[in-house]
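As you go down the protein sequences, you meet chains A and B in turn.
1 is the number of the first residue of the first sequence in our numbering; add one for each residue after it.
344 is the number of the first residue of the second sequence in our numbering; add one for each residue after it.
Derived by calculation from the structure, the hints in this document are not laboratory data.
Any given hint might turn out to be false.
[Said to hold, decoys possible] Computed list of lysine to any residue pairs in SDA-like fashion (alpha-carbon distance at most 20 Å, straight line): (1) 236/A / 571/B; (2) 251/A / 579/B; (3) 557/B / 129/A; (4) 292/A / 623/B; (5) 578/B / 249/A; (6) 597/B / 269/A; (7) 289/A / 611/B; (8) 236/A / 573/B; (9) 402/B / 384/B; (10) 583/B / 248/A; (11) 292/A / 619/B; (12) 578/B / 245/A; (13) 597/B / 268/A; (14) 599/B / 257/A; (15) 289/A / 619/B; (16) 62/A / 393/B; (17) 623/B / 298/A; (18) 71/A / 371/B.
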Amino acid sequence: MAEIQLPKFNAPQYGSLFFVFLIVLIFSSIGTLFYSVEPDEVGVIQRFGKYVNTTQPGLHLKLPFGIETVKKVKVTHVFKEEFGFRTVQAGVRSNFIRSGSENSGRSSYSNQGRMFEQESLMLTGDLNVADVEWIVQYRVKDPVLYAFRVRNVNETLRNMSEAIMNLVVGDHSINEVLTVGREKISHLVHLKLQEVLDSYETGILITNVVLQDVTPPDPVRPSFNEVNEAKQEKEKVINQAWEDYNRTIPKARGGAEKAIREAEGYSLDRVNRAQGDADRFTQVWEAYKGSKEVTRTRLYLEAMQKIWPNVKEKYIIDQDAKGILPLLDLNRRGEGSEPHAAA
Amino acid sequence: MRQLSGLLGFIAVIAALFVFNSAYVVDESKQVVITQFGQPVGKPVIQAGLYFKLPFIQKANYLEKRILEWDGYPTEVPTKDKKFIWVDTTGRWRIVDPLLFIQSMGTEMHAQSRLDDIIDGMTRDLITSYNIVDIVRNSDQILTATKMEEDIASEERYEKITIGRDQITRAILEKAKNIVDDYGIELVDVRIKRLNYVDRVRQKVYERMISERKRAVEQLRSEGQGIRAEIEGQKERELKKIQSEAYRKAQEIKGKADAEAIKIYADAYSKDPEFYGFTKTLELYPETLRGSSFLISTETDFLEYLKGSSPKASQAE
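Chain B on its own, in the form it takes in the complex (with noise of 0.2 Å):
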């Protein structure tokens, strides 16, 4: 009895082994593939749930379900203009054909070293096929928004892209698409993360921001100058205009005034010229002869008297 329920006890712990090996449990995150002494056995699990499986010798291997990242190296490559700069490559991908992955890749550290070498490849290979404000820039927009700015405007930066950061990237993503597609990989995305200059060119580069802000510092000196200038010379124009206008002025009053009293006096004394004549040099005499000495001779009117009081004794001179 007692060796009975031992042994009973023995297959009821090897039978809980057995069930427990053969049940696994598949997350909403994971995706399995069953391989049977190393060889895949029937189509990959892909729902989350509870299954079974032949235990002990069938295997369940997990990979991810979920969207997997993977960030490049920043590596120096040349541009097509000859540019040196550091660009990082993001991207993102998933592991949609398991059975494949499992076959080609096995491991998914093995899956990243791949996506290195291809992703890289490809992103430099397109690198070095356009200029640096392709790889910089994503539309043209700058061109017009810095007409408006005026700003100290470079050849060569403002030339017009041809296709763009977004379509260079779409390109790299296409292309290593096709390749990671045997892989049971599809690559979801793949962005550049960091681009910058290399250091040595970036020192050039700042010394070219220096010199441009230079440039503009004197240009808004010489601009300051310059109105300056001009608000000067309108100054002095308005001078001249207002005091040459007055003395115009002033003088055409002057004028008329002087033009109105000649008429005046012309129409009143013309009445009778002789008799102006008379009043006014009596008038200028006192003035005139004032501390003179005068030699007088008898026959003057006012001396006529002093020969004789009859008017007869002078009518008869």
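Only chain A is shown next, with the shape it has when bound in the complex (with noise of 0.2 Å):
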């Protein structure tokens, strides 16, 4: 009887267990049978852990209990690296840990900021040491080789571009590095990179290489400053003289051109008054040409009468009368002028 009573006693028992066992394989599967991708990510699928497929953002099936698994990379997301310096807090005024910064206080952070120097100081081709801040940009371009080729992809990242910045430093002097190369460098170290990421396979894309500070070593930078305003000064001696060259010259060709045009003044006016001169001669001679006789006394009159008035003491000797000339005391007369005597 007993025998006969147990299965009735024992089937709802055995069944409800089995029905919550059920119910809490359903629960507990739903968890693993939906999954959401974001929209900047993708979902990479295993099953078994073999890649099977790649899914778009949205809520997806996948099978349970992890036959199928899920990786989600994102993968339009531009991730950053920085070298040399780190950005502790970011915002419209963002807080840096650079490499040569002492200014802050606390030892931890001077610490860190030696850590960077490590980073970022290199040689120069010219075997001068320079102080090289840069960053890198990059997104996933392959989120199945990016998953699954290469171990710890961003330290893979970091190693290579500090290498790479630190070979391509090397190649240029100083100077290029300081100034004009910039632009050179941030592009060999953008293509070399890229390259040697492509070579791993690590499904990464490169977006950006930038330069940021690269400033000569902190011990070095016043000598450099020093430079620059040396070249400044330079320039500015320069164009002082030239200043004072333009300042003189167009006034000592305005001088030139005036003693020129004197000159010429001069000479118009010797020629016109010789010619003046001249005419009236040749006026004055042609008409005495006929009646000269008359004319010629006239002449003479004329002047005589322009003479005598001007003449202060006149002695009229009678060419007849002889020897008065020696009582004449010409001492006495004193005025120190010759006596003249008309032809």
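Combine both chains into one complex, guided by the hints.
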């Protein structure tokens, strides 16, 4: 009897146990059955570890209980790696720890600054030292390669970025690194870094390599500034000299022009006067030719008329009355002027 | 019945245990070597997927299939020309022969330390056998670039390289590659990550850089002064040229005018030189004789009429 009764008792017991088990199974499977992919991601689906599919953003179904697993990879997001400095707090006014920063009071910070200095100090091709800070921006271009080919892709990117920047800077002079070569250097690093990452099949696309602060090392910086100042000063001195030149030469040209014009004036004056005198003489002579004797007398008398009133003392001596001359006291007159005798 | 079902349940659990223990999943990033009591059995599993093995007595040893990082320690190495530098290398490797790897290396940790030894040694060997320019530079492009810049050049720093950094790292890679080949490892890449002078050398280099800049400063200053002097000289020259040319021209013009005047006078007066002398003399008398005293004989033409008005009287004299 008891044997007959037992199944009656046990059947609902086993049944309810199985039922509960089933419910638990279903509920637990829901968690592993659905998954959602965010808009900036794709889902990389593996079935028993083997890659089967890549799914786009949205809600998806997969086989539960770890038969299928999903790895979500951010493909549109642009990541940034910083070298030689770290953004402590990004914002409108970001805070940085820089390689040379001594101003940050806390010792841990300056230790960090020291650490970044190892990243950023490098040798240039002319065996000088430059402090180079840069960033690398990248995104995932192939999520499958990114997920499976290289362990710790980020670390690989950092190491290779440093190695290649070192190599490229080592091929340029310090002046190129500090000034004219910046674009060329970041371009070269971009190309080479992409090449290396492609050869490892990282699935990463470098979108940008940008040089940030590139400076001479701190102890050397003042002397570099001095050079810049000297360059400015040189320009200034040269400009001043040209200024002086430009002030003097046009003025001298004007002066020269003036002298020449004056000479021309003199020339005109001289020639005109000569011509005038000559014309006058010719006119007079023409008239004189006709009646020489009377004109000559007239001219003589007219001249005498002008002379005599202005003569101070006149002594008239008769040619026949000799002996007066010795009596005349020439010294008394004391005018100093010599007595003149009209011819 | 109860015992039977209990037994069945027990068997089911045991069976499940066996199944779970014999099945194993290989991820895309992994590869597996099956060992039986520590001894490798069969071929390594390289493709991802679901696999089975003998439960309990066989063990699945997972190894990485991906490219793995290796990062050396910074080491102080002298170059051939006795410059002490810090060299920090980095490399990438992967396990290509899992069986060989597990026999020779066992774990990844062990492999890392072997790589440290090998690559560091190779790096040291190669760096000590080249001059510093060969380690720093990769080409000679700087030589042409700096010549254009006309920067302060210095002897050894601008010597030509013999092989360059890329070739040196290639050489390290090739040599190390041959060794690690025996461990089932493929060395993918070796690169110099960081390179710098040791501290005391760096101080010297800084001092040299400073003194170079000072030289550049002095050079710039004197260049400025030089150019200024040149401009001033040019100014003086220009000034003298302008002034003297103007003087010459003016004199020329004046001379021509004088000559022309002489000619004009001569042409006119030569018609009757005696008359010119007569009129000019008469013109000059009033001015030159002003205020003087005269002692005049009555024989003078002017006074001839004082003696009488007859022209004959004067004629008779």
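Outcome of the hint check:
1. 236/A / 571/B: 10 Å, holds
2. 251/A / 579/B: 13 Å, holds
3. 557/B / 129/A: Within the cut-off at roughly 17 Å; holds.
4. 292/A / 623/B: 16 Å, holds
5. 578/B / 249/A: Between residue 578/B and residue 249/A the Cα gap is close to 7 Å, so the pair holds against 20 Å.
6. 597/B / 269/A: With a Cα-Cα distance of about 10 Å, the restraint between residue 597/B and residue 269/A holds, given a limit of 20 Å.
7. 289/A / 611/B: 14 Å, holds
8. 236/A / 573/B: Given that 20 Å is the threshold and the Cα spacing comes to 15 Å, the pair holds.
9. 402/B / 384/B: 10 Å, holds
10. 583/B / 248/A: 11 Å, holds
11. 292/A / 619/B: Roughly 13 Å between the alpha carbons, so the hint for residue 292/A and residue 619/B holds.
12. 578/B / 245/A: 6 Å, holds
13. 597/B / 268/A: Holds, at about 9 Å.
14. 599/B / 257/A: 18 Å, holds
15. 289/A / 619/B: Holds, because 12 Å separates the two Cα atoms, which is no more than 20 Å.
16. 62/A / 393/B: 17 Å, holds
17. 623/B / 298/A: Holds. Residue 623/B to residue 298/A sits at ~15 Å (cutoff 20 Å).
18. 71/A / 371/B: 12 Å, holds
Going down the numbered hints, you'll see the structure goes against none, and every one checks out.
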